[in-house]
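A.B. asks: So the protein sequences, as listed, match chains A and B.
Counting with our numbering, you get residues 1 to 219 for the letters of the first sequence.
Counting with our numbering, you get residues 1001 to 1219 for the letters of the second sequence.
Please keep in mind that the hints were generated in silico from the structure rather than gathered at the bench.
Cβ atoms here follow ideal geometry from the backbone N, Cα and C, with glycine treated the same way.
Be a bit skeptical, because a hint or two may be false.
To be verified - Simulated restraints, written as ranges between beta carbons of each label pair:
#1 D1188/B / D189/A: 51 to 61 angstroms
#2 M1131/B / R86/A: 25 to 35 angstroms
#3 N165/A / E1162/B: 12 to 22 angstroms
To be verified - Each computed EDC-like pair below joins lysine to aspartate or glutamate, with the alpha-carbon atoms no more than 20 angstroms apart:
#4 K190/A / E1060/B
#5 K1064/B / E181/A
#6 K190/A / E1057/B
#7 K1043/B / E60/A
#8 K1043/B / D156/A
#9 K109/A / D1156/B
#10 K1197/B / E60/A
#11 K1064/B / D175/A
#12 K64/A / E1181/B
#13 K43/A / D1152/B
#14 K64/A / D1189/B
#15 K1116/B / D152/A
#16 K1064/B / D188/A
#17 K1043/B / D169/A
#18 K1043/B / D175/A
#19 K116/A / E1060/B
#20 K43/A / D1189/B
#21 K1109/B / D156/A
#22 K197/A / E1060/B
#23 K64/A / D1188/B
#24 K137/A / D1152/B
#25 K1043/B / D189/A
#26 K1190/B / E60/A
#27 K137/A / D1156/B
#28 K1064/B / D189/A
#29 K1137/B / D152/A
#30 K1116/B / D156/A
#31 K64/A / D1175/B
#32 K43/A / E1176/B
#33 K1137/B / D156/A
#34 K43/A / D1175/B
#35 K116/A / D1156/B
Chain by chain, the residues:
There are 2 protein chains.
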Amino acid sequence: LHDFVLRRFTNRVVVYDQIKDEAPEVIIAGFGRVGQVFGRLLKAQNIPFVAIDHDSEQIELVRKFGNKVYYGDASRKDLLEAAGARNARYFILAIGNVDVSIETAETIKEHYPHLKIFARARNRGHVYELMDLDVHKIRRETFDSSVLFVGDLFIDMGFAPEAVNKILDKFRVHDEMMLKEQHKVRHDDKSLISVSKQGVAQLAQVLSEDQVKTYISPN
Amino acid sequence: LHDFVLRRFTNRVVVYDQIKDEAPEVIIAGFGRVGQVFGRLLKAQNIPFVAIDHDSEQIELVRKFGNKVYYGDASRKDLLEAAGARNARYFILAIGNVDVSIETAETIKEHYPHLKIFARARNRGHVYELMDLDVHKIRRETFDSSVLFVGDLFIDMGFAPEAVNKILDKFRVHDEMMLKEQHKVRHDDKSLISVSKQGVAQLAQVLSEDQVKTYISPN
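Based on the provided sequences and hints, a complete structural model is requested.
C.D. replies: Structure, rendered in structure tokens:
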């Protein structure tokens, strides 16, 4: 317990001392794979930001590579205050853990409603919870890579690039629409499954036009 | 042990019976968030595939939504044989766990070298291992979403869309180049850190042109 209290205290002081003069425009909560891409691009654009992570090993590692990041729990109001949440404009919620992410979003919504939240989501369930909290912008962490990856496959299979772009665009639109439909019925298992199965049929229909034109099996 | 053996046996039979007539063009190993996007788009394009996952709960869930997916360990040769690896063309390595992913890639490379492997990677370390195995195509699972998400932020900050596209394109090219540089020195901690720090400076330089033009802080 002593060690725990001491660590919290020490960290709090470190955070406060270091952050005081920064007046960040952006706060990044969670400095893992997603948060670091934000950090790199913000740094390259000279946009001031403060990054917070709860994993001290991760912090030690990214600091070795020249990153500035603070140890702490981004769902704690005192830490957010020290990090400059009052005068920042954006809050990048890049925390991978769903529960901590939601808890942090709730804290921000309650105490710093002026902050625009950009939230990383793990999966559809996480998206629904973030939608309920009315965060500004949500992206599912593996969705875009997955869609582009299918595009790579289609290209390799011999699809025309324009056809692939069309298919992927339609798929994204369809999926976004499905997310909204599923969000409405998410507490009712039967409706959720029914809506989702309809979605599969709809997707086939939406894409059927491209299908005939673009794909002839070599088998 | 009895239960374990029985389960393995039962699953093998299930896989064999169901897969026999399918002659898949694509095998998807791992039917989580990434694998399912492949499954949905392949299904909509009528391209025959077989999906394998080791998580029986996950399988039960996705089956409820109308997916066909088999229980099994995709790094096992007998299962791959039953799944039609001999006559398939593509192997989508969409397994989230790094060790299982590498093990599976090794099995494919050894026994089915004709299969083109499209591999999901968790992080840079995973990419290096997949590069060593010379898989056909690699995408990091959270990278593209992260880059696009920074684009959303820049647009919200008032950057011109063309400027954002330019920044993100340059960043992707730079990052891909960095991956190759880091891959060369990955076993030498000091060189890795040095190369990475140089990379940060290079990125700032690469993007400096866009920076002045596009961003004026409102503070």
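A.B. asks: If you draw a straight line from the CA of K1043/B to the CA of D156/A, is it 20 angstroms or shorter?
C.D. replies: Answer holds: K1043/B to D156/A is near 17 angstroms, not above 20 angstroms.
A.B. asks: Taking 20 angstroms as the top limit, are the C-alpha atoms of K109/A and D1156/B close enough?
C.D. replies: holds, 19 angstroms
A.B. asks: Need the status of pair K64/A, D1175/B: alpha-carbon distance at most 20 angstroms?
C.D. replies: holds, 18 angstroms
A.B. asks: Hinted pair, alpha-carbon criterion (20 angstroms max): K190/A, E1057/B. Please report holds or violated.
C.D. replies: holds, 18 angstroms
A.B. asks: Could you grab the alpha-carbon distance between K1116/B and D156/A and see if it respects the 20 angstroms cut-off?
C.D. replies: Given pair K1116/B, D156/A holds - Cα atoms ~10 angstroms apart, limit 20 angstroms.
A.B. asks: For K1043/B and D175/A, compute the direct alpha-carbon distance and say whether it is at most 20 angstroms.
C.D. replies: Given pair K1043/B, D175/A holds - Cα atoms ~15 angstroms apart, limit 20 angstroms.
A.B. asks: Holds or violated: K1190/B and E60/A, Cα atoms, limit 20 angstroms.
C.D. replies: holds, 15 angstroms
A.B. asks: Given a hinted range of 25 to 35 angstroms, is it respected by the beta-carbon distance of M1131/B and R86/A?
C.D. replies: Because 45 angstroms falls outside the window, the suggested range is violated.
A.B. asks: Check the hint pairing K43/A with D1175/B against an upper bound of 20 angstroms on the C-alpha distance.
C.D. replies: Status holds; Cα separation ~15 angstroms.
A.B. asks: Does the Cβ pair N165/A, E1162/B satisfy 12 to 22 angstroms?
C.D. replies: Given range 12 to 22 angstroms: holds, Cβ gap about 18 angstroms.
A.B. asks: Sort out whether D1156/B lies within 20 angstroms of K137/A, counting only the CA atoms.
C.D. replies: Within the cut-off at roughly 10 angstroms; holds.
A.B. asks: For the pair supplied as a hint, K1043/B and D169/A, is the alpha-carbon distance within the 20 angstroms limit?
C.D. replies: holds, 17 angstroms
In terms of the numbered hints stated before, the structure departs from hints 2, 7, 19, 20, 25, listed from lowest to highest.
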